[in-house]
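**Q** So the chains spell out like this:
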Amino acid sequence: MKRGDLLLISVILAAALLLMVPRWVQGGQISEKNHNTPLTAVIKVEGKVFQTVTLTKEEQTVEIRTKRGYNLIKVQDYGIEMVDADCPDEICLTFGFKTKKGDTIVCLPHRVIVEVEGTGGEGEGTDAII
Amino acid sequence: MPLSDEETSLVLKRTVMIAIFAAVAVVLSIAESMIPVNIQIPGAKLGLANIMILTCLYFLRARDALMLVVLKTILTAFIFGTFSSLLFSLFGSLFSFAVMAFLMKLGRRRLSLVGISITGGIAHNIGQLAAASIVFSTLNIFYYLPALLISGIATGILVGIAVRYLVTSLSRLSLFDPFMKA
Chain A
97 MKRGDLLLIS VILAAALLLM VPRWVQGGQI SEKNHNTPLT AVIKVEGKVF QTVTLTKEEQ
157 TVEIRTKRGY NLIKVQDYGI EMVDADCPDE ICLTFGFKTK KGDTIVCLPH RVIVEVEGTG
217 GEGEGTDAII
Chain B
93 MPLSDEETSL VLKRTVMIAI FAAVAVVLSI AESMIPVNIQ IPGAKLGLAN IMILTCLYFL
153 RARDALMLVV LKTILTAFIF GTFSSLLFSL FGSLFSFAVM AFLMKLGRRR LSLVGISITG
213 GIAHNIGQLA AASIVFSTLN IFYYLPALLI SGIATGILVG IAVRYLVTSL SRLSLFDPFM
273 KA
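As given, the protein sequences belong to chains A and B, one line each in that order. The numbering used here applies: residue 97 is where the first sequence begins, and numbers increase by one. The numbering used here applies: residue 93 is where the second sequence begins, and numbers increase by one.
Calculated from the structure, these hints are not laboratory results. Check before you lean on any hint, since a few could be wrong.
As the list claims (entries may be wrong) - Where chain B lies over chain A, by a calculated footprint (3+ residues, C-beta under 8 Å):
id, region
1, 102-113
2, 191-201
To be verified - Taking CB as the label site, the calculated pair distances span:
id, chain 1, residue 1, chain 2, residue 2, range
3, B, Ser225, A, Lys153, 30 to 38 Å
4, A, Thr152, B, Val259, 54 to 62 Å
5, B, Ser101, A, Gly198, 54 to 62 Å
6, B, Glu99, A, Val117, 53 to 61 Å
7, B, Asn232, A, Arg161, 20 to 28 Å
Claimed, not checked - Derived, one-sided and incomplete: chain A residues facing chain B with beta-carbon distance under 7 Å:
id, residue
8, Lys98
9, Met116
10, Pro184
11, Ile187
12, Leu204
13, Pro205
14, Ile209
We put the CB at the ideal spot given by N, CA and C, even for glycine.
Start from the sequences and build out the full structure, keeping to the hints where you can.
**A** Following this line, the structure appears as C-alpha cells:
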C-alpha cells in the first residue's frame with residue numbers, strides 16, 4: 097500500500113457518501129408520504145411498457161415471457177421484487193424487495209426494467225413537501 | 093524479417109503465458125460463480141479473474157493483457173451462455189482494462205497494485221452501469237453506484253493483495269525472468 101492508495105480509497109469513499117446523502121434526506125420524506133399514496137411500478141421490456149402495476153398489499157405476480165427468456169415479478173406489502181428468472185447471471189434477483197420511489201430492478205440479459213414511480217394523479221410528487 | 097532464436101522464444105513464452113492466464117481467469121470466474129453471495133448489491137462481485145489480468149499487465153505488455161481480456165470475456169460467455177450480455181461484459185472489462193493499463197503505465201509511482209485493482213474493479217462496475225443505462229436510456233441505474241463503489245474498494249483490496257502474492261511467487265520462476273521489470 098502506498099500513500100496514493102489511501103488517498104484513492106478516501107476519495108472513492110467520500111464520493112460514495114456524497115452520493116448517498118441526498119438519498120437519505122429524500123428517503124425520509126418519501127416514507128412519510130408512503131402511507132396514503134400507493135406507488136406504481138412500470139415494467140418495461142425492450143424499451144416498451146409491458147405492464148404497469150400498483151404496489152398493493154395483496155400479493156400479485158407478473159410473468160414475463162419473451163424470446164429472450166422468463167422473469168417472474170411479485171408484488172406484495174406495497175413493494176415489488178424479482179423472484180425468479182432464467183437469465184444466466186441472475187443479477188436481477190439480487191436487487192431485493194423494492195418499496196421506494198425511484199427504485200429500479202434491471203435484468204440486463206432480458207432487457208427488462210422495473211421502475212417504481214409515484215401514482216399518476218399525484219404528479220411528480222416533489223413539490224408537495226416542505 | 094526473420095526473428096532470432098531469442099525473439100522467437102520470447103514470443104512463444106508470451107503466447108503460452110496469455111493462454112495459461114486466460115485459462116486460469118476463466119476457472120476463477122467459474123469458481124466465483126459457485127460462491128453464493130447474499131448481498132443486496134446488484135452487480136457486485138469478487139472479480140477474481142481480475143487477479144490474472146492485473147498479473148498479466150504487470151509482467152507482459154498492455155496489448156498482451158488486452159488479448160487476455162478479450163479471450164477471457166468470450167470464453168466465459170461461451171461457458172455461461174451469456175451471449176445476450178456479451179457486449180455489456182466486453183464494455184465493462186475493456187473499460188476496466190483501459191483504466192488499469194493506463195495506471196500501470198503512468199500511476200505506478202503513486203499507486204500500488206492494490207490501488208490499481210480497486211480502480212479497475214470500479215471501472216468495470218461503471219462500464220456496465222453505463223452500458224445498462226444506454227440500453228434502457230435511464231440514469232436510475234446509477235442509484236447503485238455508491239454501494240458498488242464501497243464493495244469495489246473491499247474486493248479491490250482483496251484482489252490487489254492476491255496479485256501481490258502471485259507476482260512475488262511467479263517472479264521466482266525462471267520463465268518470468270525476461271519479463272521482469274527493472
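**Q** Now, for every hint given, state plainly whether the structure supports it.
**A** Comparing the hints with the structure gives:
1. 102-113: holds (count 7)
2. 191-201: holds (count 5)
3. B:Ser225 / A:Lys153: 30 to 38 Å: Holds, since B:Ser225 and A:Lys153 (Cβ atoms, about 32 Å apart) stay within the stated range.
4. A:Thr152 / B:Val259: 54 to 62 Å: holds, 56 Å
5. B:Ser101 / A:Gly198: 54 to 62 Å: Because 58 Å falls inside the window, the suggested range holds.
6. B:Glu99 / A:Val117: 53 to 61 Å: 57 Å Cβ-Cβ, so the 53 to 61 Å window holds.
7. B:Asn232 / A:Arg161: 20 to 28 Å: holds, 25 Å
8. Lys98: holds, 5 Å
9. Met116: Holds, because the Cβ-Cβ distance from A:Met116 to chain B comes to roughly 5 Å (cut-off 7 Å).
10. Pro184: holds, 4 Å
11. Ile187: holds, 5 Å
12. Leu204: For A:Leu204, the interface hint holds, since the closest Cβ of chain B sits about 5 Å away, which is under 7 Å.
13. Pro205: holds, 4 Å
14. Ile209: OK, holds: A:Ile209 within 7 Å of chain B, min 5 Å.
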